[in-house]
Amino acid sequence: MRSSSLALALALLLAACSSPASAPAGNTVKIGMDFPLSGAEAAVGQPIANGAILAIEQANAAGFAGGKFKIEADTLDDTTQGLHDPAQGAQNAKTLIGDPAVLAIIGPYNSNVAKAEIPLTNDAQLAQLSPAATADSLTIGDGAKALRQSHPDLVTFFRTCTRDSEQGAALAHFAQTLHLWHVFIVDDNETYGLDLADAFAASAKSDGLTVLGHEHLAAHQQDFKALLTKIAAAHPDLVFFGGVTTTGGALLRRQMPDAGLGNVPFFGGDGIASDDFLKTAGAAADGTYWTIAAPDVNRLGSAREFVAAYRKRFKSEPIGYSAAAYTATQIALAAIAKGIGSDGTLPARATVVADVAATKGFSSPIGIVGFDANGDTTAPVLTLQHVKAAKIETVDVYTVK
Amino acid sequence: MSLIAQQIVNGLALGGIYALIALGYTMVFGIIELINFAHGDVYTLGTFFSLAILGLLGATGELHGPFLIVAVVVTLVLAMVLSGLVGVIIERLAYRPLRNAPRLAPLITAIGVSFILQNLMIYWHGPSPLPFPQILPNPTYAIGPVQIAAKQAFVIVLAVVLMIVLQLFVTKTKLGAAMRATAQDRDAARLMGIDVNATIALTFFIGSALAGAAGFVSGVYYGTTWFFNGFAAGLKAFTAAVLGGIGNIAGAMLGGFAIGLVESLTTQLLSDQWSNIVVFALLVVVLIFRPTGLLGESLPTKA
Chain A
1 MRSSSLALAL ALLLAACSSP ASAPAGNTVK IGMDFPLSGA EAAVGQPIAN GAILAIEQAN
61 AAGFAGGKFK IEADTLDDTT QGLHDPAQGA QNAKTLIGDP AVLAIIGPYN SNVAKAEIPL
121 TNDAQLAQLS PAATADSLTI GDGAKALRQS HPDLVTFFRT CTRDSEQGAA LAHFAQTLHL
181 WHVFIVDDNE TYGLDLADAF AASAKSDGLT VLGHEHLAAH QQDFKALLTK IAAAHPDLVF
241 FGGVTTTGGA LLRRQMPDAG LGNVPFFGGD GIASDDFLKT AGAAADGTYW TIAAPDVNRL
301 GSAREFVAAY RKRFKSEPIG YSAAAYTATQ IALAAIAKGI GSDGTLPARA TVVADVAATK
361 GFSSPIGIVG FDANGDTTAP VLTLQHVKAA KIETVDVYTV K
Chain B
1 MSLIAQQIVN GLALGGIYAL IALGYTMVFG IIELINFAHG DVYTLGTFFS LAILGLLGAT
61 GELHGPFLIV AVVVTLVLAM VLSGLVGVII ERLAYRPLRN APRLAPLITA IGVSFILQNL
121 MIYWHGPSPL PFPQILPNPT YAIGPVQIAA KQAFVIVLAV VLMIVLQLFV TKTKLGAAMR
181 ATAQDRDAAR LMGIDVNATI ALTFFIGSAL AGAAGFVSGV YYGTTWFFNG FAAGLKAFTA
241 AVLGGIGNIA GAMLGGFAIG LVESLTTQLL SDQWSNIVVF ALLVVVLIFR PTGLLGESLP
301 TKA
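Quick note, the sequences are listed as chains A and B, same order.
Under this note's numbering, residue 401 is the last one in the first sequence; the count climbs by one each step, no gaps.
Under this note's numbering, residue 303 is the last one in the second sequence; the count climbs by one each step, no gaps.
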């Protein structure tokens, strides 16, 4: 009795295991997505996901692979308790990997979520394209290799955004042009925030700026009076923040005037570039500068059509990463289309990875893009913005050399 | 040296908020031995109520003269009453039906209530942080080498006044005596003619009202709020209650101020990222040598 039920269980297990190996049934291709879609980061996550959704809808309207296949988005949310959660991201990646119809994943937004997902998608040899995760360690060096546990030499993670080291360098250079020589650095102690702060610190030192101090925040803090008192005593010309709006960026700026630091410029990366930052920091937001690791779509001739289509479809304004997500999705779809056999069979996941990696000279709203050997974009662009009279103004758009 | 004095002021203001929240934990634990994990969210709800009341009063910016005093008093009192009522409702719906259930059951419902409150706040104002109107003018007063901002003085003074009122209420009034009696021995209290259910509800009302006051104060002090703030603040305040001796009202105050001070001094002398570690390390050390907290549990153990 016991052994027969065990055999039955084994048979069931084998049947369950064998089905994903066979070619995906039906004529549906799925693009998995993972972004923060609820909680405080939905304000950024949703417009990014919208960019990808727009690309999918356009491909369906045009008839994907001659109309033989229908593309579906499987959109998952990596938020728990109102904030992005690496554990939830990993869970989502497992869900998407478990669905044989998923041939590529677009996402995530946060670098620490990417860190939790890359080992899984690499193991499944599933192409993952992030429009917004900017930490260097995701694609560069031994750290990136360690993330690719199963296939260290196979790059399965690609991104259409610019790396933190470029953001840090641009911000340090900009501080120099404003003659802000003495800087105090704060970060939120997460993958992205640390990476950005370290990149800024390195560039600041080589640009001849003096780093007065570098503090890492404790998680879930509401009171920054003590830290700001300490910072004020060091008399900085500039406070740099590595992190996102919700991990302390907005509150730190909001409380700076109370510590006598109201007139000191505040610098940050794309993590604080949001309307939520303006809302939370209130009047104190003025004098903040940040970079976005994507172009300002309103300044780009190549993005005009995209911006118009986005406005029409979603009745709202796209952000820079919406275009990056749109581009990432188009690249994934092009790679899938390329792999469809003459007999109409869908490509294996590994084939999609190879075709994404081989992307070169791809014409998109954010310019002519391709991927280098690490999976980084070959056309990195940065937008520098400034908060002035409670409005966001674009100062400059750089093409990183 | 003046920097250290400055950090002590920062720590006292932060500690005042922790202490007000800690009082609710310690009062509820004292009377029904429940750790009310939803208490931190009642604190955040207090800020949300204050925001709504200030909105009704039309107070969007800095206020002056009599209107400032009226707005502060009205908002504080209403936020306390509303938060207190929320506490009573929580007790009635989520804890009273489980009063004789195994200990673990109300603990789990407490966590459930915490999630419900958080999601109600998301439903109310969305998941993003919210600005809180800067109603208080904020001049800084120099006392020797130390700068005290008006907002900091407001937080510290209000916290101390509320604590003194609470202490007088608990020790000098009949209702306070009923609370102490119920905490000591519920059955004996009932035999003496004390309405135990009403007394427990009153305890929840007062504890939650103090959290509501802390919510108003934190809105004024920080100028922002967020539905998730109660999680971290509640955890720290709970730690304060345990550090001071859970069930002991003076202990909760002491614990709150102690944690605020340790946090701000750690930030100054070591680094911000160490503040939580030092606070919890201190808690462990205190509990090893004094398992009942700094001031011990003032309640006699039950037979």
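Simulated from the structure, these hints should not be mistaken for lab results.
Any given hint could be a false lead.
[Said to hold, decoys possible] Computed cross-link-like contacts, SDA-like style, restricted to lysine to any residue with a CA-CA straight-line distance of at most 20 Å:
1. A:K388 - B:P131
2. A:K388 - A:H214
3. A:K279 - B:G55
4. A:K391 - B:P131
[Stated by the list, open to error] To spell it out: a stretch of chain B is covered by chain A in this simulated footprint if at least three of its residues, at any positions, have a beta carbon under 8 Å from a beta carbon of chain A; those stretches are:
5. 4-15
6. 127-135
7. 224-237
Only a predicted model underlies this, so the values are computations on that prediction, with no experimental measurement involved.
For every residue, glycine included, the Cβ atom is placed at its ideal position computed from N, Cα and C.
Against the structure, the hints come out as follows:
Between the alpha carbons of K388 of chain A and P131 of chain B the distance comes to roughly 18 Å, so the proposed pair stays at or under 20 Å and holds. A C-alpha spacing of about 27 Å is found between K388 of chain A and H214 of chain A, which places the hinted pair above 20 Å, so the restraint is violated. The suggested pairing of K279 of chain A with G55 of chain B holds, with an alpha-carbon distance near 16 Å, which does not exceed 20 Å. Distance hint between K391 of chain A and P131 of chain B is fulfilled; the C-alpha atoms sit about 16 Å from each other, no more than 20 Å.
Counting residues of the stretch 4-15 of chain B whose beta carbon lies closer than 8 Å to any beta carbon of chain A gives 6, which reaches the threshold of three, so the coverage claim holds. Closer than 8 Å: that is the beta-carbon criterion, and the stretch 127-135 of chain B has 6 residues meeting it against chain A, so the requirement of 3 holds. Using a Cβ-Cβ cut-off of 8 Å, 8 residues of the stretch 224-237 of chain B lie near chain A, which meets the minimum of three, so the contact claim holds.
In this structure, only the earlier hint numbered 2 is contradicted, and the remaining ones agree with it.
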